[in-house]
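Visitor: Residue numbers (my numbering), protein chains in the order written: chain R, 1 to 378; chain Z, 1 to 262.
Simulated from the structure, these hints should not be mistaken for laboratory data. A couple of the hints might just be wrong.
Unchecked claim - With the Cβ distance kept under 7 Å, some of the chain R side facing chain Z (calculated, not the full set): (1) Ala26; (2) Ala29; (3) Ala31; (4) Asp60; (5) Thr61; (6) Gly92; (7) Leu93; (8) Arg98; (9) Ala120; (10) Gln189; (11) Phe193.
Every residue gets a Cβ at the ideal spot worked out from N, C-alpha and C, and that includes glycine.
One letter stands for each residue in the lines below.
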Amino acid sequence: MDGAPTLERLAGQDGPALRAAGAWTAQHAGAIERLVRDAERRARKEAAVEIDVSHIARLDTFGAWLIERLRRALTRENNAPRLTGLAEDYRGLVEAVRNAGNDAEPRQKEPGAIVLMLAAIGHAMSEVADTLIQLANMTGAIILAGLRIAVRPQTFRFTSLIHHMEQVGWRAVPIMVLITFLIGCIIAQQGIFHFRKFGADVYVVDMVGVLVLREIGVLIVAIMVAGRSGSAYTAELGSMKMREEIDALRTMGFDPVEVLIVPRVLALIIAMPILAFIGSMAALYGGGLVAWLYGGLQPDIFLSRLREAISLDHFKVGMIKAPFMAAVIGVIACLEGFNVRGSAESLGSHTTSSVVKSIFFVIVLDGVFAIFFASIGM
Amino acid sequence: MAASDDNVIRVRELTVAFGRHVVLDRLDLEVKRGEILGFVGASGAGKSVLMRTIIGLVPKVSGHIEVFGVDLDQADDAARRVIERRWGVLFQHGALFSSLSVRQNIQFPIRENLDLSQTLMDEITVAKLAMVGLKPEVADRFPSELSGGMIKRVALARALALDPEIVFLDEPTSGLDPIGAGAFDELVRTLQRTLGLTVFMVTHDLDSLHTACDRIAVLGDGKVIAVGGMDVMLASEHPWVRAYFRGKRARVMTGEPALEQG
Ligand SMILES: Nc1ncnc2c1ncn2[C@@H]1O[C@H](COP(=O)(O)OP(=O)(O)O)[C@@H](O)[C@H]1O
Ligand SMILES: [Mg+2]
Numbered sequence: 001m002d003g004a005p006t007l008e009r010l011a012g013q014d015g016p017a018l019r020a021a022g023a024w025t026a027q028h029a030g031a032i033e034r035l036v037r038d039a040e041r042r043a044r045k046e047a048a049v050e051i052d053v054s055h056i057a058r059l060d061t062f063g064a065w066l067i068e069r070l071r072r073a074l075t076r077e078n079n080a081p082r083l084t085g086l087a088e089d090y091r092g093l094v095e096a097v098r099n100a101g102n103d104a105e106p107r108q109k110e111p112g113a114i115v116l117m118l119a120a121i122g123h124a125m126s127e128v129a130d131t132l133i134q135l136a137n138m139t140g141a142i143i144l145a146g147l148r149i150a151v152r153p154q155t156f157r158f159t160s161l162i163h164h165m166e167q168v169g170w171r172a173v174p175i176m177v178l179i180t181f182l183i184g185c186i187i188a189q190q191g192i193f194h195f196r197k198f199g200a201d202v203y204v205v206d207m208v209g210v211l212v213l214r215e216i217g218v219l220i221v222a223i224m225v226a227g228r229s230g231s232a233y234t235a236e237l238g239s240m241k242m243r244e245e246i247d248a249l250r251t252m253g254f255d256p257v258e259v260l261i262v263p264r265v266l267a268l269i270i271a272m273p274i275l276a277f278i279g280s281m282a283a284l285y286g287g288g289l290v291a292w293l294y295g296g297l298q299p300d301i302f303l304s305r306l307r308e309a310i311s312l313d314h315f316k317v318g319m320i321k322a323p324f325m326a327a328v329i330g331v332i333a334c335l336e337g338f339n340v341r342g343s344a345e346s347l348g349s350h351t352t353s354s355v356v357k358s359i360f361f362v363i364v365l366d367g368v369f370a371i372f373f374a375s376i377g378m
Numbered sequence: 001m002a003a004s005d006d007n008v009i010r011v012r013e014l015t016v017a018f019g020r021h022v023v024l025d026r027l028d029l030e031v032k033r034g035e036i037l038g039f040v041g042a043s044g045a046g047k048s049v050l051m052r053t054i055i056g057l058v059p060k061v062s063g064h065i066e067v068f069g070v071d072l073d074q075a076d077d078a079a080r081r082v083i084e085r086r087w088g089v090l091f092q093h094g095a096l097f098s099s100l101s102v103r104q105n106i107q108f109p110i111r112e113n114l115d116l117s118q119t120l121m122d123e124i125t126v127a128k129l130a131m132v133g134l135k136p137e138v139a140d141r142f143p144s145e146l147s148g149g150m151i152k153r154v155a156l157a158r159a160l161a162l163d164p165e166i167v168f169l170d171e172p173t174s175g176l177d178p179i180g181a182g183a184f185d186e187l188v189r190t191l192q193r194t195l196g197l198t199v200f201m202v203t204h205d206l207d208s209l210h211t212a213c214d215r216i217a218v219l220g221d222g223k224v225i226a227v228g229g230m231d232v233m234l235a236s237e238h239p240w241v242r243a244y245f246r247g248k249r250a251r252v253m254t255g256e257p258a259l260e261q262g
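Isolated chain Z (complex conformation):
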């Protein structure tokens, strides 16, 4: 956990298209070590696509993606595998394996990558579950027996199974009640501090942006149209950013008086 503030993810001139539909257009983005970057944008703007492109699930048209200073195009399979082990991903709907129990879900990446005794894996599973705020009893349940919030937590535990340095979270609090969402933000924040994580979090939740994120990046028209702290967002004159951060909903949350009461 070096104190250096180098960029763990550097995206340059990234273009991604599906057929003729250009989703990301020469996009630049940097994620600093140890920060929580909140990533916002209209629904369908391409947030998930950017995340999936960085982790290599969506092919890009052009541009460069560097993770831990390694250009992923240049890396051979072995180098890629090493890097993939250093990140964890929480998909939008959890993507837990429905035929495996919670325990097996969490142990799945451990079993594939490390050669550990079953005892140690079980102990680690309990520790991971506790870290995401779940009781050990949950370990023997199946995903279909979990609530939405629990699925997100188990998915986070699985993403953290190998103690990654970066975690990608795709709308982790969507579908949770405000209290559950708040608790999840708190959890991400705590874990980020204890594990020294770098967090890339796609979110729609203004609350999350306020409480959990160090920096915010806004995606619009296939580009990052604003990046910085909440003060930068509030000062931005881009219409979408204005509407988002200074709209009625936002004012209610920040406690500023709304222009039109009613």
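Chain R with its partners taken away, still in its complex shape:
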């Protein structure tokens, strides 16, 4: 209804003038910007001394700013062009925009791609160092809190411990059993398929037994726990952190590590060996079932072979690793939760990194244990 915006050049009374007309509003801002840019370019040769805005039908912040920008571009040695015909209604707006732009500073230039890449590598390295320091820090804080609780056992949050054990232990049983059972089935099937070529079917029992009890049982469970419970810990603590609930605890004289982290980590340390045990049994069961149905190995032969093949050591190796892996997962999850800053995005990225880091450290720990057990001959 107001017509498209225009910016014409006219001959004014005392020099060249520009006349703005039409709707100088947000809707047309793209077009106006092009007009203004053209005028700015032409102004390098010959600056207009007057901007006539009397024909402007409508003006908003966008239009007012572009007029102000034009005015600045036309300014020569403190001689700003005159602004004529400004409607009374718009005077306040134009002044507001004029004051607004005064302290505007140009945005810094983005550095080049190579610098950005180097910076990213540097950040990543210092982050690794940070993570290790923070891990040590958090572990120390948890041990200290544990000692304090040992001195005054009545301060221990028993209800919280039970609640978290239910969440990370009891409720995880079905999915753990299902997954480890399937893994056991797959290992047995692959073993039978390949060993059969050498007529060594029966050694499948050795492989399933040793692999499941020493490595796979506990590792699969640890990875599942990291994805299932570690991420939940991070998200819970992170959103508490976002809503200042952790600060509130602190001001009431509670130690957040004692109240929130110790019960969680302890719950994991108790629940993980149990889950690892159940998981290993499910995997053995799956392996036995496949050996029988697919490999034709009778269950009683499977069992007697299993008894010969594995010693208590294999079982112990798996079980000893479980609580340590649980501790690593718990500490990393809680640490990431405490590192969440204000935004929703930060919560998401810390939850992701909690899972990624705990799986990474679980596998590193597994490697360390492998060396350790090999050297003590277990």
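Given chain R, put chain Z with the ligands in place with the hints provided.
Guide: Showing chain Z with the ligands alone in chain R's frame:
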């Protein structure tokens, strides 16, 4: 900015309910072009619900809502979008996008609706920030790094990003200190004058009602129980309106002697 005093918002017989809980019951309200309407009522009376119903976030049971003379039920999607661009909303807690910087928050609606160069958007952002009284440095901060008052100001800048004709403010000064709240009222008043805005402001702040608002509407029992200037409010005999505008707190503010000193 025509001088006509037509109603930009007209709400007729509006009923809103959540399940069996009727929050607004055949409510009528008009907002005139270019005014600041202060909207008060007890906590939980349904002020936010009314605002959210007008802007289409809460479904209504019955009634009509006209904005700029267009019945929102009758409008098709395109027409609705045009109208939505002509209003801006400041939510009670700011509702800034926490993962975006202040600059990105303000540019978000601009980027979606207009095709502008990055330079112009940056310049406009600085201008908007200055209009709400913030320095350009704030642009690169994230919402979690801002104080309560700054969050409200940035949220206002974002609400004003597209130069709307109406702004809805839901308790803009709650959570601010009295001086910060006073400055915010001043700001709303100034912006209303310079930009020719119509302002629908839900508030609890008697100070705001005194200094910033042209008209006041009071919500009670799901209806508008009083509407008009401060004189109308002071003359009203409705118990809640009396308690609110002529209670002890109010008398202290208007400078009238309190009945029971102590
Ligand atoms: N999404 C919802 N679902 C159910 N009830 C709601 C919802 N939103 C608001 N209410 C109810 O509507 C009433 C009015 O709420 P609200 O408008 O937020 O009050 P206020 O006037 O303080 O802004 C309250 O009783 C509230 O419980
Ligand atoms: Mg509310």
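Visitor: The structure should be examined with respect to each hint, and the outcome stated for every one.
Guide: The hints, checked one at a time:
Checking Ala26/R against chain Z by beta carbon gives a least distance of about 5 Å; that is within 7 Å, so the hint holds. Hint on Ala29/R holds. Least Cβ distance to chain Z is approximately 6 Å, under the 7 Å limit. Annotation: interface hint on Ala31/R violated; nearest CB of chain Z at approximately 10 Å, more than 7 Å. Nearest Cβ of chain Z to the Cβ of Asp60/R: about 4 Å, under the 7 Å cut. The hint holds.
For Thr61/R, the interface hint holds, the least distance from its beta-carbon to any beta-carbon of chain Z being 5 Å, beneath 7 Å. Because the beta carbon of Gly92/R sits about 4 Å from the nearest beta carbon in chain Z, less than 7 Å, this interface hint is met. Hint on Leu93/R holds. Least Cβ distance to chain Z is approximately 5 Å, under the 7 Å limit. Taking 7 Å as the C-beta cut-off, the interface hint given for Arg98/R is violated, the closest approach to chain Z being about 10 Å.
At a threshold of 7 Å, the smallest CB-CB gap from Ala120/R to chain Z is about 19 Å, leaving the interface hint violated. With a cut of 7 Å, the hint placing Gln189/R at the interface with chain Z is violated, because the nearest CB-to-CB distance is about 46 Å. Interface hint at Phe193/R: violated, since its Cβ lies 49 Å from the closest Cβ of chain Z, which is beyond the 7 Å cut-off.
Consistency note: the structure conflicts with the earlier hints numbered 3, 8, 9, 10 and 11.
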